[in-house]
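Generate the whole structure from the sequences, applying the supplied hints.
Listed here are the chains, written in short residue letters.
Protein chains: 4
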Amino acid sequence: MKAQAGPEDISRVCRRIEALGFKAHIIPGEQRTAIGITGNSGPVEAAEFDGLPNVAEAIRVSKPYKLVSRETKRENTIVSVNGVRVGGDRMVLCGGPCSVESRAQILESARAVRAAGAELLRGGAYKPRTSPYSFQGIGEEGLRYLAEAREETGLGVVTEAIDVETFDLVETYADCVQIGARNMQNFSLLRRAGRSRKPILLKRGISSTLEEFLMAAEYILAEGNYNVILCERGVRTFADHTRNTLDLSVVPAVQSLSHLPIIVDPSHGTGKRDKVLPMALAAIAAGASGLIVEVHPAPERALSDGYQSLDPEQFTELAQECRAISELLASRRRVPAGV
Amino acid sequence: MKAQAGPEDISRVCRRIEALGFKAHIIPGEQRTAIGITGNSGPVEAAEFDGLPNVAEAIRVSKPYKLVSRETKRENTIVSVNGVRVGGDRMVLCGGPCSVESRAQILESARAVRAAGAELLRGGAYKPRTSPYSFQGIGEEGLRYLAEAREETGLGVVTEAIDVETFDLVETYADCVQIGARNMQNFSLLRRAGRSRKPILLKRGISSTLEEFLMAAEYILAEGNYNVILCERGVRTFADHTRNTLDLSVVPAVQSLSHLPIIVDPSHGTGKRDKVLPMALAAIAAGASGLIVEVHPAPERALSDGYQSLDPEQFTELAQECRAISELLASRRRVPAGV
Amino acid sequence: MKAQAGPEDISRVCRRIEALGFKAHIIPGEQRTAIGITGNSGPVEAAEFDGLPNVAEAIRVSKPYKLVSRETKRENTIVSVNGVRVGGDRMVLCGGPCSVESRAQILESARAVRAAGAELLRGGAYKPRTSPYSFQGIGEEGLRYLAEAREETGLGVVTEAIDVETFDLVETYADCVQIGARNMQNFSLLRRAGRSRKPILLKRGISSTLEEFLMAAEYILAEGNYNVILCERGVRTFADHTRNTLDLSVVPAVQSLSHLPIIVDPSHGTGKRDKVLPMALAAIAAGASGLIVEVHPAPERALSDGYQSLDPEQFTELAQECRAISELLASRRRVPAGV
Amino acid sequence: MKAQAGPEDISRVCRRIEALGFKAHIIPGEQRTAIGITGNSGPVEAAEFDGLPNVAEAIRVSKPYKLVSRETKRENTIVSVNGVRVGGDRMVLCGGPCSVESRAQILESARAVRAAGAELLRGGAYKPRTSPYSFQGIGEEGLRYLAEAREETGLGVVTEAIDVETFDLVETYADCVQIGARNMQNFSLLRRAGRSRKPILLKRGISSTLEEFLMAAEYILAEGNYNVILCERGVRTFADHTRNTLDLSVVPAVQSLSHLPIIVDPSHGTGKRDKVLPMALAAIAAGASGLIVEVHPAPERALSDGYQSLDPEQFTELAQECRAISELLASRRRVPAGV
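Chains as they are written, first to last, in the working numbering: chain Z, 43 to 381; chain W, 43 to 381; chain A, 43 to 381; chain R, 43 to 381.
Partial selection, computed: residues in chain R whose CB lies under 7 Å from chain A:
hint, residue
1, Thr172
2, Asp205
3, Glu254
4, Glu260
5, Arg278
Here are the simulated DMTMM-like pairs of lysine to aspartate or glutamate, each with C-alpha atoms no more than 20 Å apart in a straight line:
hint, chain 1, residue 1, chain 2, residue 2
6, A, Lys314, W, Glu253
7, R, Lys314, Z, Glu253
8, W, Lys314, W, Glu363
Simulated from the structure, these hints should not be mistaken for laboratory data.
Just so you know, even glycine gets a beta-carbon here, dropped at the ideal spot from N, CA and C.
So, in structure tokens, the structure goes:
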């Protein structure tokens with residue numbers, strides 16, 4: 043749609059789409075609104091929309107993913123998480139423990155990451171674990187502590203939903219619901235996320251191609267939730283000096299193909315505390331819109347992932363250094379592609 | 043337990059385990075029953091069970107997976123699917139289309155694979171697809187057709203459950219419920235499978251290590267379902283001459299670590315029709331307990347995976363050649379490890 | 043060329059090729075001779091050869107590899123190593139230690155593998171080692187011991203050349219010169235091998251695609267040596283239950299694209315003694331023309347690769363079981379593609 | 043050795059090492075000299091050196107690589123290439139075409155990269171190519187043009203040696219001899235490089251682990267050449283959005299284990315022109331000591347790798363942006379580990 047298109051123009055287009063038997067997706071942007079079409083089995087005639095007022099142009103999307111494609115929407119999507127804008131020209135920091143372990147631990151973590159300049163708090167109440175005998179999270183109790191931490195610190199809460207059964211509960215407490223790497227192709231969970239009114243943080247699967255990653259996001263958008271943040275967190279390769287191989291090249295690759303914001307998780311992406319800072323700097327330099335970092339008040343006592351968690355002091359250094367690079371890039375107008 | 047242990051001996055051990063606050067798992071075998079213990083946070087004293095009648099020995103399992111380990115149960119597990127024994131000294135063939143497309147298609151497929159000597163019928167009514175816009179299966183209608191095919195041909199039905207929501211329905215119709223590669227670490231689905239009374243076919247994830255694979259099976263056994271068949275279906279590597287790289291070495295590797303049977307899927311494992319036969323032969327020679335193969339009455343018209351499906355004639359050749367190798371190995375006493 | 047083409051017909055075609063400024067490659071076959079053309083920068087007119095006597099047809103090779111392509115030569119190439127035919131309908135066994143360690147060790151190995159039915163003896167006199175401080179082989183002394191073992195047992199000798207400098211020496215003693223996986227893209231060494239009059243055993247690189255593998259062979263053929271045996275020996279993946287992942291699907295893939303024979307090395311391909319037998323059986327079942335297996339009279343005392351070497355008794359079992367499968371396949375006419 | 047150790051102190055230690063039958067390696071540093079010992083088959087008694095003047099301490103190196111280990115030499119090695127210091131606190135830029143194609147092309151390239159701020163010129167006169175029929179470089183003629191470009195511009199010349207045969211010639215013209223990724227485990231070539239008096243740029247193999255990479259460098263140092271620059275250039279994975287997956291985490295990993303400098307090649311590391319700039323920025327942010335970038339006066343006409351080459355204008359932007367990040371990091375004292 044053209045920038046001056048009003049609500050009436052938009053709904054006129056949607057009615058036309060629906061009249062053709064298809065589904066219309068209104069994807070709002072900062073300046074212009076895009077309207078995606080799904081449900082068509084073959085190409086739709088552009089001429090159908092030619093005469094309608096304030097239609098800028100009708101574009102046929104060449105990729106298998108439609109709604110996530112930059113062909114559908116040229117300008118970057120900014121996702122608002124509890125008022126924090128992800129995908130704009132300022133990098134966003136999300137920090138916190140792997141798991142919510144106790145009220146004291148999460149409150150202490152929240153204060154620490156906030157003091158360091160983070161705007162979002164992470165912490166898992168439900169944990170997907172390789173072993174059925176490992177600590178599986180403290181569930182709803184953890185969600186309540188996260189909400190309490192938000193209340194005290196103002197930080198937005200990012201926490202994972204591991205299945206459809208507990209999604210409702212997670213959604214109630216979270217400001218942004220995370221879909222983890224192992225669930226990137228859990229299509230029922232993706233569809234449920236697509237029906238949520240909360241933003242979704244979608245992590246790349248451990249051996250996911252870029253196309254599969256964007257198709258997973260497409261599942262969410264296709265159900266009507268356009269607020270998706272992508273996250274690179276390392277892929278599985280033969281290399282053994284890190285737990286995973288952080289594939290930063292996916293950041294500019296996503297930015298050229300999609301309007302969705304992408305952030306980076308250097309904690310899972312390396313699995314080693316001393317590699318988190320250099321890779322966080324690299325991620326910001328590569329153009330990532332933010333970072334999600336594991337921070338624990340006492341990493342050596344963490345119930346999970348302690349070896350890759352930073353202590354508050356290390357996280358403060360990370361925040362300062364990354365902020366400096368982000369500001370340098372902004373001052374030189376090196377902002378994510380497409381803006 | 044010793045071979046002569048009776049029900050009373052077994053329940054005496056279980057009561058002792060439960061009295062200690064742990065969970066007892068009775069894993070029946072052809073000759074001896076094993077009893078696994080989970081729920082303990084540290085080692086359990088072997089002496090607790092020393093004096094009990096007909097206890098053969100108390101073994102501390104050294105691996106992170108407990109119930110699937112051959113340390114827990116030395117003899118091979120034989121899983122019965124609609125009366126067909128998987129894991130014994132005869133190879134088992136499962137064939138059928140990728141997706142159930144119509145009544146005619148599945149009945150025709152069933153007759154063809156049965157004629158070729160298959161004992162189990164595969165076919166997906168719910169399909170996990172990379173794209174939200176691809177054919178997603180015909181759902182319960184497909185399950186009914188599968189049941190009808192069973193009625194007519196006597197073949198056992200293997201079909202996939204893709205989420206907890208539809209598991210009940212799939213379980214009602216299936217003789218064996220498949221958990222697909224993308225869901226190998228969908229822990230909620232694994233737990234649901236563990237509460238099923240139907241056998242489970244668990245496919246290895248596309249980038250799963252052997253330990254992760256066995257841990258996924260452990261999730262199912264830990265909930266009380268000991269009838270799990272493992273399945274190698276190819277892993278993701280740099281190699282591009284096949285769609286996936288079929289890792290046959292996992293067959294003897296599983297057999298030395300676990301008592302569970304393992305079969306091979308050469309269709310997904312290669313993704314190319316002309317590689318299915320040689321890799322099927324190789325799988326049987328490597329010691330696999332069976333094969334699951336995509337067969338379609340008219341591969342060129344299949345709604346999914348047609349390029350890797352065999353036609354009935356090709357499947358008949360595969361069945362004959364594999365049977366010949368299987369019989370040769372059996373005659374030379376080359377049976378799966380541990381028997 | 044047609045089957046009845048005589049030397050004069052062949053040299054007439056070669057003269058025509060050379061007159062056009064290109065290089066002619068006479069690749070003899072069991073029944074028909076193929077003549078490859080290289081040195082042309084664009085397509086060559088088929089009409090140039092149309093009128094010549096006993097030319098069957100002129101084919102434009104569509105692949106980047108030309109002389110190794112089955113388009114150039116339809117029938118399988120049989121490579122003769124000291125009179126042993128590799129690539130025919132009988133599987134060929136090559137066994138012996140990783141390294142030649144002493145006269146006694148190699149003679150004992152040779153007798154053992156011969157007794158088990160091997161026709162070729164392997165053993166490295168020059169060893170490429172990851173560490174400069176590891177045992178690097180005993181050099182020419184080792185070559186002399188290999189020659190002595192040949193004299194005593196009649197086995198053909200397969201041994202590795204690791205650089206151009208020592209190629210002359212290796213070539214003098216060997217019946218077949220091995221190019222190892224690390225040197226698969228050592229193009230100078232490949233060119234030297236192409237100027238050798240001995241057959242070459244070319245191992246697939248640890249992360250080589252099929253096309254790169256065939257292109258490496260093309261380097262050898264392009265210099266005029268058409269006696270190349272390919273060898274799959276495992277590729278590097280994330281999987282950690284074996285040292286490498288043996289990619290048996292490359293066997294039928296090579297056979298459909300190339301006329302060159304392919305054998306399998308299950309010792310390096312698995313890196314674990316107890317996986318060698320099942321993967322050897324699988325390789326033969328997949329259609330490999332033979333096996334190269336590490337055998338040591340006393341694996342626990344081997345200077346290199348002891349953990350993956352078989353003792354003579356294990357090798358004898360392997361030979362018998364593989365032979366049985368090979369004979370079964372031959373009796374059912376399941377021979378390598380293209381014959 | 044202590045900082046005040048003089049030549050006499052150093053040779054005293056070396057004489058002691060040689061008297062024990064071992065080889066001494068004098069590895070000079072900016073402030074202190076380290077002396078490595080190789081040739082010992084077991085541990086050497088630290089007490090042997092305790093009484094000697096100006097010996098700071100005797101350390102047993104725990105890693106399989108000895109001379110490259112930071113245990114042997116704590117401070118960063120600075121490698122001087124034609125007077126340009128690689129490994130210090132300023133990033134170093136090397137630019138130029140994939141192949142030297144003509145005198146005009148290389149002179150134009152040299153002027154362009156110099157104008158952009160590069161201090162080193164790259165360009166291959168001998169090219170390792172997957173196909174025997176691809177352009178293989180113009181050989182010595184190319185080396186002469188590179189020398190002429192150095193004369194005119196003052197840039198140091200980095201060019202590849204692909205075999206022992208041509209190493210002498212390359213060494214004569216080059217200021218730094220590159221060993222390419224395919225030759226990382228060409229041990230004869232590594233040994234020849236170890237006997238060179240020119241610095242060596244060693245690229246990581248396409249599927250090399252960190253340990254293998256450092257062991258390859260060890261081959262060079264073990265022969266007496268301590269001037270080795272390591273280079274990450276991407277590894278082979280399943281990911282297909284870039285030609286290789288640039289593994290930037292190896293930069294801090296190398297820096298913590300070794301004193302050798304490491305630079306990054308974002309051109310081969312991504313294989314796509316539009317990914318070169320973001321990954322170059324990321325590499326510098328991750329702490330790399332420099333970059334080697336493919337630049338061509340007219341990428342669309344390049345004889346090799348044109349699709350990943352920058353034009354001079356793009357390279358100028360890359361140089362400016364990377365310089366800005368490098369200076370920011372230096373001003374915040376974020377310099378490579380260990381200084």
